[in-house]
Amino acid sequence: MQTPFLLQFINLLAALLLLIAFAMLTQRRILSLINLFALQGAVLSLSTFVVAFSTSQHHLYYSAGLTLLLKVLLLPWLLHRLIRKLNVRWDVETLINIPTTMLVGISLVIFSFNLAAPIAQLSEGLTRGLIGIALASVLLSLLMMLTRRKAVSQVVAFLSLENGLFFAATSATQGMPLVVELGIALDVLVATFIFGIFFFQIRETFDSLDIAHMEKLKDD
Amino acid sequence: MDSVSVSPLEVVGWLVQLWIVLGVAGLVLQRAPRLINNVIFPLSALTSLLLAVSGMWALGADPGVMVLPLGLPDLPFHLRLDPLSGFFLILLGGASLGISLFGAGYFKTMAGGTLGLLCLEYHLFLAGMTLVLLADDAYMFMVAWETMALSSYFLVTTDHNIPDIRKAGFLYLLIAHVGAISILLCFGVMQGGNGIAAYTFDAMRHAQLTEFWSSAAFLLALFGFGAKAGVLPMHMWLPEAHPAAPSPVSALMSGVMLKTAIYGILRVTFDLLGTQLWWWGVLALGLGLLTAVFGVMFAAVQGDMKRLLAYSSIENIGLLLVGIGLTIIFHVYGKHALAALALTATLYHSLNHAMFKSLLFVGTGAILHATGERNMGRLGGLIRRMPWAAMLMLVGVLAIAGLPPLNGFVSEWLLLQAFLLSPGLPNSYINMLVPVAAAVIALAAALAAYVMVKFYGVIFLGQPREKVLEHAHDTGTWERIGMGWLALACVVLGLAPVFVVHQLDLVSLSLIGSSLGNAAGNWVFLTPVDTERASYSPLYFLLAVLAVMLLTSILVRHLYHGRVRRSAPWDCGYPAQNARMQDTAEGFGQPIRRIFEPFFKIEREVPSPFDTHPRYHGQSDDRLWYILYLPIKYLTEKLASLASLLQHGRIHLYLTYTFVTLIVLLVFV
Amino acid sequence: MEKYQLLFAVLFQLAQLVLVVVFAPLLTGWVNQCQAWLQNRSGAGVLQPYRVLRKLFSKDAVIAHNASPLFRVTPYIVFGCMWLAAAIIPIIAVDLPFSMAADVIALVGVFAVARVFISLAAMDIGTAFGSMGARREMLVSFLAEPALLMVFFTASMISHSTQLPVIVDTLAHHQFVLYPSLAFAALAFLMVLLAENARIPVDNPSTHLELTMIHEAMILEYSARHLALIEWASSLKLFAYITIGIALFLPHGIAEVGNWAGLPLAIVALLLKLVLAGAALAVFEIVSAKLRIFRAPEFLATAFLLAVLGLLIHFLLGA
Amino acid sequence: MIDLQLLALLLAPLLGGALLAVFGSRKWAAELNSLMSFFTFAASVILTMRVIDSGPQVAFHEQFFIDQFNVFLVALTAFVAFTTSLFSRPYMRIEQHHGKLTTGMLHLYYSMYQMFTFAMLVALTTNNMGIVWVAMEAATLTTVLLVSLYRTPASLEAAWKYFILCGVGIALALFGTILLYFAAERVLGEGGTALLWTHLNEVKGELEPTVLKLAFVFLLVGYGTKVGLVPLHSWLPDAHAEGPTPVSAVLSGLLLNVALCAVVRSKVLVDGSLGTHFAGYLMMGFGLLSVVVASFSLFRQKDIKRMFAYSSIEHMGLITFALGMGGPVATFAGMLHMTVHSLTKSAIFFAVGHAVQKSGTQVMENIRGMLQVSPTVGWGLAIGTFAILGMPPFGVFASEFLIITTAMHEYPWTTPFLLIALGVAFAAIFGKIQPVVFGETTAKRLPHSPALIPVFVHLLLVLMLGLYMPPYLADWYRQAAALLG
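Chains as they are written, first to last, in this note's numbering: chain A, 15 to 234; chain B, 181 to 849; chain C, 3 to 321; chain D, 24 to 508.
Fair warning: there could be bad hints in the mix.
[Said to hold, decoys possible] The calculated lysine-lysine pairs, modelled on DSBU-like cross-linking and capped at a C-alpha distance of 30 Å, are:
1) B:Lys781 to D:Lys455
2) D:Lys455 to A:Lys230
3) B:Lys818 to B:Lys781
4) B:Lys288 to B:Lys647
5) A:Lys232 to B:Lys347
6) D:Lys325 to A:Lys232
7) B:Lys813 to D:Lys325
8) A:Lys232 to D:Lys123
9) A:Lys99 to D:Lys123
10) A:Lys230 to B:Lys813
11) D:Lys123 to D:Lys50
12) D:Lys455 to D:Lys123
13) B:Lys818 to B:Lys347
14) B:Lys818 to D:Lys455
15) D:Lys455 to B:Lys347
16) B:Lys781 to B:Lys813
17) A:Lys99 to A:Lys230
18) D:Lys325 to A:Lys230
19) B:Lys288 to B:Lys347
20) D:Lys325 to D:Lys123
21) B:Lys818 to A:Lys232
22) B:Lys781 to B:Lys347
23) D:Lys325 to B:Lys818
24) B:Lys347 to B:Lys813
25) D:Lys455 to B:Lys813
26) D:Lys325 to B:Lys347
27) D:Lys325 to D:Lys455
28) D:Lys123 to A:Lys230
29) A:Lys230 to B:Lys818
30) A:Lys232 to D:Lys455
31) B:Lys813 to A:Lys232
[Said to hold, decoys possible] Using C-beta positions, here's what the derived DEER-type ranges look like:
32) B:Thr455 to C:His176: 36 to 44 Å
33) C:Val20 to B:Trp568: 35 to 43 Å
34) D:Phe440 to A:Arg42: 41 to 49 Å
None of these hints come from the bench; they were simulated from the model.
By construction, the Cβ of each residue, glycine as well, lies at the ideal position given by its N, Cα and C atoms.
Please model the entire structure based on the sequences and the hints provided.
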């Protein structure tokens with residue numbers, strides 16, 4: 015069952031996931047961001063597929079398919095449509111400059127690897143160390159959310175965060191119970207729709223998708 | 181009463197229920213204000229009387245215990261009526277009897293809706309105070325305690341349209357609440373065992389506490405109850421809330437509610453805590469002295485009659501605290517008879533203060549109704565317009581000034597005796613402290629006389645300072661009866677000290693295990709230790725003074741002619757005398773203000789010699805407000821503005837919080 | 003025997019009651035006479051106070067229109083209180099049954115009653131002087147009263163009693179001890195005596211200069227028999243104070259309980275002491291100057307502090 | 024049988040949501056809303072009686088689980104949801120009358136309201152920690168739409184913040200759940216049972232502590248965001264202040280409880296696995312921080328709903344603190360506090376809603392003299408405020424009494440913070456509400472008469488809980504406390 019090749023392949027995919035997360039962190043253009051997001055989805059789907067294959071858990075095939083459908087096709091398509099409609103292409107600048115962000119990101123990766131090290135020792139075989147990568151990509155996405163100004167890129171970051179989680183759910187733990195996965199997928203879908211509604215409402219109300227307009231509610 | 185099957189506690193329970201029913205009836209009958217005035221309040225007074233009687237009955241009886249089916253699970257309401265509670269019930273009943281009777285007349289002018297509500301709150305207040313005295317578990321105690329605070333808050337803010345009154349109510353309830361939390365913590369320290377049942381007083385009595393925790397409990401209790409009693413520096417609410425409340429309510433608050441705090445301190449210190457430490461006594465003593473002098477000093481410079489009385493209450497609370505401190509010290513050092521003496525003095529003074537302060541407060545109510553004026557600088561000469569009120573108030577004034585043969589003197593006498601007999605304590609510091617303390621007490625008592633001369637003289641004597649005072653009317657019948665009862669109580673308590681002390685012995689015996697016993701004297705001579713050491717007989721004293729006076733007046737009348745001529749007062753050669761040339765309240769207080777200048781924050785506005793309409797304005801504020809309360813307020817505001825920085829409006833910042841929290845937790849896992 | 007003793011004591015008490023009221027003005031006269039001599043005046047004679055009283059009693063009383071009953075009853079109260087106070091101080095013998103009813107604290111209380119009433123009466127008419135006098139009187143007393151109490155306390159601590167007869171008995175008849183604390187107390191007492199009896203340096207009994215008077219300002223509205231009673235009460239007060247001083251600080255010579263034989267000697271000793279004390283008072287008054295009214299509290303605060311110091315010294319030295 | 028009862032409980036709101044999605048624009052939509060909420064409530068009562076009778080139950084292949092702890096929350100949720108629907112009927116009409124809402128918005132409101140109830144009930148009753156997560160997310164999504172109902176810039180901003188912050192939070196909770204599963208599957212094996220709480224609870228001693236520690240951090244941060252623990256609370260005041268008042272009431276009264284319930288479930292597992300008080304201490308720390316920060320934040324509030332939102336943070340902090348302390352008394356107190364806080368806070372929001380409608384503003388300086396305008400609203404607000412401030416004899420005091428005294432006994436060092444925080448909170452709220460209730464007024468009359476019966480029903484219940492607790496209710500709490508340890 016556990017062929018070294020498959021293991022290496024999953025590890026490769028994991029590394030790819032992390033790489034894409036970094037790439038997203040440094041990306042200024044929204045279009046490329048969405049493309050990267052789709053790519054990430056593809057990697058996720060592939061890794062789920064491989065895990066399903068290697069552990070022969072059938073429900074993981076559904077998961078892989080669902081991921082492909084949702085995260086590679088549907089969501090990027092939706093987002094593309096959205097930005098075309100809303101006519102936003104650039105995330106003008108990030109809040110912290112990109113080299114700094116990178117530095118922070120790298121330390122986050124080291125941190126999460128360290129954190130995951132004792133757990134990795136528990137886990138036998140296949141998924142060794144994947145928790146660390148999942149954690150790192152979750153934290154990187156979170157970092158991306160902190161540093162983005164435009165609502166759209168924040169949402170993409172959020173979705174990428176979910177990707178990281180999904181990776182943890184499927185690859186690191188070899189799949190959650192099906193009902194949970196279905197629920198998660200449904201929620202993500204609904205969330206995206208709501209995001210879409212919001213984008214229109216926000217734009218309608220503020221004439222922009224810059225979150226800087228939404229800093230009125232505060233204690234003073 | 182002669183039926184054996186009924187216990188005092190049950191009777192008191194019924195009376196409390198009756199009060200609540202009366203209160204609700206008042207709310208229901210709000211369209212019939214006459215009924216409320218002429219039926220409900222007198223009935224309430226009758227209930228008070230019965231309560232006092234049951235309290236007296238409980239003094240001699242074994243402690244009664246009762247468990248109600250209410251409360252928390254595993255912690256139903258426990259009630260207990262022991263001599264200490266019984267004594268305070270007498271105090272409550274006795275004072276509220278007069279106040280309710282007075283109220284029956286006083287609230288006549290109030291609109292129906294307000295009156296109904298007030299009637300409910302008034303009776304809840306009374307019921308709450310009674311239950312505080314009966315409570316035998318922490319939860320019940322706190323519920324009753326806060327019911328008392330809340331109902332009195334609503335009573336204070338009866339005239340809530342006036343911003344100042346709202347402010348007073350706010351300050352009052354805030355300090356009361358902080359105090360209540362402190363009391364709560366005190367119970368938390370004292371709880372015995374585990375589970376909810378650990379909060380009964382009985383479990384607390386058996387709890388084993390280390391010295392550290394005992395002291396923590398005592399300090400928390402002192403702070404918490406002190407906040408209610410108006411002990412320095414938590415006194416700030418008192419001079420604000422008392423003037424704001426309707427006068428009968430002020431009377432209840434000052435006369436009775438403050439005593440529940442004294443009750444609380446006694447209960448915690450001597451009953452619930454198994455051991456005491458000597459320095460508690462020193463602390464209480466020191467705090468009491470400070471409070472007493474502070475209170476009377478500020479009373480001397482007040483211009484508002486109710487504020488003056490409020491500060492005087494602070495002084496008296498200080499005296500009570502001194503008594504408690506002495507009791508602790510003697511008790512710790514095993515001087516049982518002396519401890520009993522100090523405790524007796526404390527309890528006696530509580531009772532006295534309840535009577536005369538209630539009398540004076542309701543009296544100010546009568547004045548307020550007659551003139552619509554609280555500022556003494558606009559009163560004067562009322563003795564001629566309101567002879568009844570003036571006469572009854574004179575009794576109260578003389579009593580509170582500590583003059584023999586009235587009641588105020590007896591308790592001060594007992595307290596001073598306790599001081600005088602103190603030498604021989606094994607701690608030399610305390611030995612040195614005692615004479616200084618006695619001196620301070622004496623000073624406070626003398627200043628109290630000053631204050632009271634000012635109070636009475638400026639309000640009742642002299643010429644009316646305003647035209648409207650010509651139309652002032654005297655008190656009505658209910659008011660007179662109420663005040664009469666309180667004045668009578670002052671006289672009786674003053675003349676029959678031996679009887680009272682014998683009753684108080686039962687309390688000390690149950691609380692600290694010692695009493696004055698037969699040493700208290702025979703029926704007419706009060707001799708707390710023995711006849712050689714000290715004795716006092718107000719009855720003989722009064723008889724002698726009366727006899728001498730009578731003799732003199734007979735002699736004068738018979739041997740000399742009785743010709744009397746009326747004429748204008750002598751003008752000293754300066755014909756333009758008018759009422760404004762008398763001392764105002766501020767003027768009368770001026771020497772005190774000058775002597776104790778550093779303690780006051782004085783704002784003065786003096787007219788220049790060329791003003792055509794000269795106006796003088798002087799105000800003496802409490803420095804503590806500026807050096808303690810305002811800084812706390814500023815600090816809170818500062819911290820609040822720091823806290824508001826958190827909520828900065830930027831979502832990135834909020835996400836950063838989440839992020840940082842997560843990272844920090846992960847680092848520390 | 004005991005029964006007789008009690009009876010005798012009661013009789014003795016009544017006798018003292020009568021004697022003090024009769025002879026108190028004499029002491030005032032004597033002090034005034036001494037003063038006159040010291041001022042190189044011939045003086046009106048020691049009987050002058052009696053003459054004044056007689057004259058006042060025979061005059062028509064004039065009372066302001068707005069005087070209340072309080073105003074009219076006050077002279078009797080003041081007089082009664084002072085009389086009683088003077089009567090319970092052991093001056094010749096220590097068994098005075100009425101002393102049982104009022105110990106030293108009560109004695110201070112009696113003085114306070116009189117003071118409060120006279121202050122209230124002063125405010126009753128509503129003239130500028132009346133209330134000024136009342137205020138000043140209370141100002142003086144709020145420091146003098148605790149000082150007096152502290153003086154008493156010192157003596158009480160020594161004798162373990164607040165009963166005047168017991169105090170005097172202890173001081174006079176037990177073994178002779180020098181009490182340094184009593185020295186402080188004595189000084190304090192002297193100051194209180196001056197202040198309370200409206201003497202120089204706190205007040206001046208013989209002036210009606212508005213700005214300086216205290217006691218006289220209060221009684222400006224009184225006339226005829228009311229004034230007489232008040233003047234008489236003042237004499238009684240002075241008498242009481244001087245005898246208190248004698249009882250506390252020079253008790254020697256007073257008769258012991260039941261020792262009727264000692265009485266004549268005691269009477270002689272008392273007379274001597276009174277004569278000396280009166281003269282000393284006069285001398286003290288002559289050599290000091292009237293203080294500004296606002297210096298009076300300082301003067302009295304000094305007295306108060308001295309008294310407290312005396313008490314502390316008692317604790318410190320045990321004597 | 025239990026399956027059926029549970030089905031009724033869950034179907035009622037689901038059906039209601041579906042029906043209102045269709046008929047939400049009709050005139051009787053409000054009545055339908057109340058009716059469906061009533062059905063839910065009735066079902067919850069039946070379920071509760073069942074659990075009282077026969078103890079903990081599992082249903083639907085162990086996917087659902089009802090024990091004493093969650094059934095009281097179910098009953099509470101259904102009850103408050105019902106009374107809130109009663110309140111919202113006239114309230115929303117007045118809003119519509121004032122031109123703030125359109126029929127379309129109301130349509131959305133009614134259907135989302137039912138869906139929200141459904142999501143909360145699922146989150147409470149499910150046995151599967153994964154489904155808990157799904158339901159929490161669903162509850163977030165439905166309320167996001169409710170918060171932004173008015174479509175004003177402010178409400179959009181609030182909803183956006185709510186959405187993003189809670190979305191992130193809940194995502195972190197998912198990571199925690201995954202870690203939990205990771206640890207569980209090693210003991211329970213792969214597949215459906217590894218996330219079932221009942222199973223986890225049985226084997227909690229065998230779960231890998233290091234993983235569980237990590238998992239709890241994520242779960243706490245995740246669900247803690249929804250509870251409103253400081254410093255994860257930032258969304259809460261905005262969402263409460265800008266959403267419609269009935270939504271504020273259910274958010275404060277119910278959603279926070281549900282999220283806390285999830286945290287508590289995790290805590291039981293984690294502390295059971297670690298054998299230490301790790302999770303408890305963490306909760307105590309967050310609770311204490313929340314209480315203190317929220318109290319000071321209260322001080323400067325101008326908006327009345329915002330202020331009470333902070334008060335919710337304070338109280339949730341107190342509950343978290345109590346549940347973190349553990350032990351029978353504190354847990355009992357924590358649960359009691361949950362109940363009374365829900366009842367009181369929703370009652371306050373009801374009263375506040377009408378007060379705001381009467382004076383036309385949420386700024387407290389402009390709301391004055393409510394007692395004069397409408398004694399019922401005024402007294403409701405005054406009594407509610409005193410109740411929430413912990414004045415006896417209301418139930419809030421009972422629980423605070425137990426929490427504070429236990430803290431004094433067990434963790435004395437925390438009490439100065441509690442003392443200061445409660446004092447400051449009292450000063451802040453009381454000082455601001457007093458002039459709102461008392462004094463002169465400028466407010467006007469309303470087009471529809473307000474529904475104040477819910478206010479007084481809630482307050483009466485709270486009063487009763489302070490003075491007398493029926494034996495079955497007490498047993499219920501006690502068993503729940505024993506369950507949580």
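Tested hints:
no.	hint	result
1	B:Lys781 to D:Lys455	29 Å, holds
2	D:Lys455 to A:Lys230	23 Å, holds
3	B:Lys818 to B:Lys781	25 Å, holds
4	B:Lys288 to B:Lys647	25 Å, holds
5	A:Lys232 to B:Lys347	28 Å, holds
6	D:Lys325 to A:Lys232	11 Å, holds
7	B:Lys813 to D:Lys325	18 Å, holds
8	A:Lys232 to D:Lys123	23 Å, holds
9	A:Lys99 to D:Lys123	29 Å, holds
10	A:Lys230 to B:Lys813	28 Å, holds
11	D:Lys123 to D:Lys50	17 Å, holds
12	D:Lys455 to D:Lys123	27 Å, holds
13	B:Lys818 to B:Lys347	21 Å, holds
14	B:Lys818 to D:Lys455	18 Å, holds
15	D:Lys455 to B:Lys347	11 Å, holds
16	B:Lys781 to B:Lys813	19 Å, holds
17	A:Lys99 to A:Lys230	26 Å, holds
18	D:Lys325 to A:Lys230	14 Å, holds
19	B:Lys288 to B:Lys347	26 Å, holds
20	D:Lys325 to D:Lys123	22 Å, holds
21	B:Lys818 to A:Lys232	17 Å, holds
22	B:Lys781 to B:Lys347	21 Å, holds
23	D:Lys325 to B:Lys818	17 Å, holds
24	B:Lys347 to B:Lys813	15 Å, holds
25	D:Lys455 to B:Lys813	15 Å, holds
26	D:Lys325 to B:Lys347	18 Å, holds
27	D:Lys325 to D:Lys455	9 Å, holds
28	D:Lys123 to A:Lys230	20 Å, holds
29	A:Lys230 to B:Lys818	22 Å, holds
30	A:Lys232 to D:Lys455	19 Å, holds
31	B:Lys813 to A:Lys232	23 Å, holds
32	B:Thr455 to C:His176: 36 to 44 Å	41 Å, holds
33	C:Val20 to B:Trp568: 35 to 43 Å	39 Å, holds
34	D:Phe440 to A:Arg42: 41 to 49 Å	45 Å, holds
Taken one by one, the earlier hints all hold for this structure without exception.
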